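*Asks:* Residues per chain, in single letters:
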Amino acid sequence: MSADRHGGERQLMIRSFRAIGTTATVVVQDAAVADKAARILAADLEEIDLACSRFRPDSELQTVHAHAGAPVQVSALLFEALRVAVDAAERTGGAVDPTIGNAIAALGYDADLDEVLARPAGPPPVLGPVAGYAHVQLNPADRTVRIPRGVRLDLGSTAKALAADRAAARIAQAVGSGVLVSLGGDVAVAGAPPTAGWAVGIARESSVPAGSVDQVVAITRGGLASSATSVRAWKAGDREVHHILDPRSGDSVAPYWVLVSATGASCVEANVVTTAAVVWGPEALEKLAGFAQSVRLVRADGEVFSVNGWPRELAA
Amino acid sequence: MGVPPSRGPRTQMSAQRNPNTPTGRDQARARLGNLTRIALLASAGATVGIGIVVAHEHPGKSAAGATTSGGSTEGTAGTAGSSGDTGDSGTVSSGNTGNSGASSLSPSISSQRPSVTSGGSGR
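Taken in order, these protein sequences are the chains called A and B. Position 48 (the first sequence) corresponds to 47 in numbering that gives the first Met the number 0; numbering is contiguous. Position 120 (the second sequence) corresponds to 119 in numbering that gives the first Met the number 0; numbering is contiguous.
The set of hints was computed from the structure by calculation and includes no laboratory data. Being a predicted model, the structure only gives us computed values, none of them experimental. Mixed in with the good hints there might be a few duds.
To be verified - Here are a few chain A residues that face chain B, going by a calculated C-beta distance under 7 Å:
1) N101
2) A104
3) A209
Stated by the list, open to error - Sample of chain A residues lacking proximity to chain B, with all beta carbon distances greater than 12 Å (derived):
4) G20
5) D48
6) Q61
7) H64
8) H66
9) G68
10) S74
11) P119
12) A133
13) P139
14) A140
15) K159
16) P208
17) R220
18) A232
Idealized CB from N, CA, C, for every residue including glycine.
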């Protein structure tokens, strides 16, 4: 676990560590609570991983896969993650669909990315449309889920955003002060923010250092998420693919947008829009007019678009 | 009771209720034409609205150099200041360009050093 201090009127304390296949970061305004905040985040992420991972053989999601075709009672956490995923699919007209599990595995993303990148590219994948979220049956009365035989789910982006929202809320309540949680660049904040808000850098990769980002914005509540097509990419056959799939084709989306960032009432709200916009491609600007989230989109040619109040960048 | 000339449209509306006459069919066609024109105007208006909402700008105008300091993330000035504000107002720091469509959840430009970066997550 690495630590960092940011100076100013009141120093921000940062803790970062690896979890759920990405970098988890928690930022607090009181040094005395930084370690406690990091412990809560780590515990939260272990819970979400055990519930939602499609890589861990012992995850609850694998139990749902193993009993496909029959209703399976699941934990409150997995049920919530499933509900969020199906809700995202409904709100985006299926652009963000949890039934892409088989499709993304067919493209070669069937293990942690480090493992995928370390092995040679497989044969060209056989692609096709996914089953569709409408086939995921959720019954809140007995907290069961039923998926069709042969379908596998990928809760990927929505589960990560949900994890950020949950952790931020729990940490803020536990430590009694404001907190920022970032999971690979999916950001949730809770509690009282710093006076100037939480500063978040926007860049094509979350690993870009603070001094090299494209833009710095401040948020005071809710969440901020980004989706990019230039990272989390690997070879499938003789071509490069990435992790954002078009459910209609089962293939990774042609990178019309290379980076989409959005804010929302939660990290989930922001994440749903950024993922959908990548899938929508050229139609995203028109479709985003129907959403409340502020969005920044970077097209493959480098042109930047601001939608619904995302601040335009200042001339250098 | 007669209908005054100025109430002509109402007369047309009444006549449309009996479309099985040549006059009724003509009036129905005229009304359909009007509705089509209204729909086209509404569609054009929506397109203009989207154009207003979507503000695009050219690459290479990044504020990064002006608003952030260089160097690594360690030991440098960053976001700071405590507040008893719950954040519910959504008020954010200075630098907001005031784009149309901004909501209380819209971010604002910040001159602070970012604590984290949001972008694609390669690992």
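*Asks:* Hint by hint, say whether it matches the structure.
*Replies:* Going through the hints against the structure:
no.: 1; hint: N101; verdict: violated, 23 Å
no.: 2; hint: A104; verdict: violated, 19 Å
no.: 3; hint: A209; verdict: holds, 5 Å
no.: 4; hint: G20; verdict: violated, 8 Å
no.: 5; hint: D48; verdict: holds, 15 Å
no.: 6; hint: Q61; verdict: holds, 23 Å
no.: 7; hint: H64; verdict: holds, 24 Å
no.: 8; hint: H66; verdict: holds, 31 Å
no.: 9; hint: G68; verdict: holds, 34 Å
no.: 10; hint: S74; verdict: holds, 26 Å
no.: 11; hint: P119; verdict: holds, 19 Å
no.: 12; hint: A133; verdict: holds, 29 Å
no.: 13; hint: P139; verdict: holds, 28 Å
no.: 14; hint: A140; verdict: holds, 33 Å
no.: 15; hint: K159; verdict: violated, 8 Å
no.: 16; hint: P208; verdict: violated, 6 Å
no.: 17; hint: R220; verdict: violated, 4 Å
no.: 18; hint: A232; verdict: violated, 8 Å
In this structure, the hints that do not hold are numbers 1, 2, 4, 15, 16, 17, 18, in rising order.
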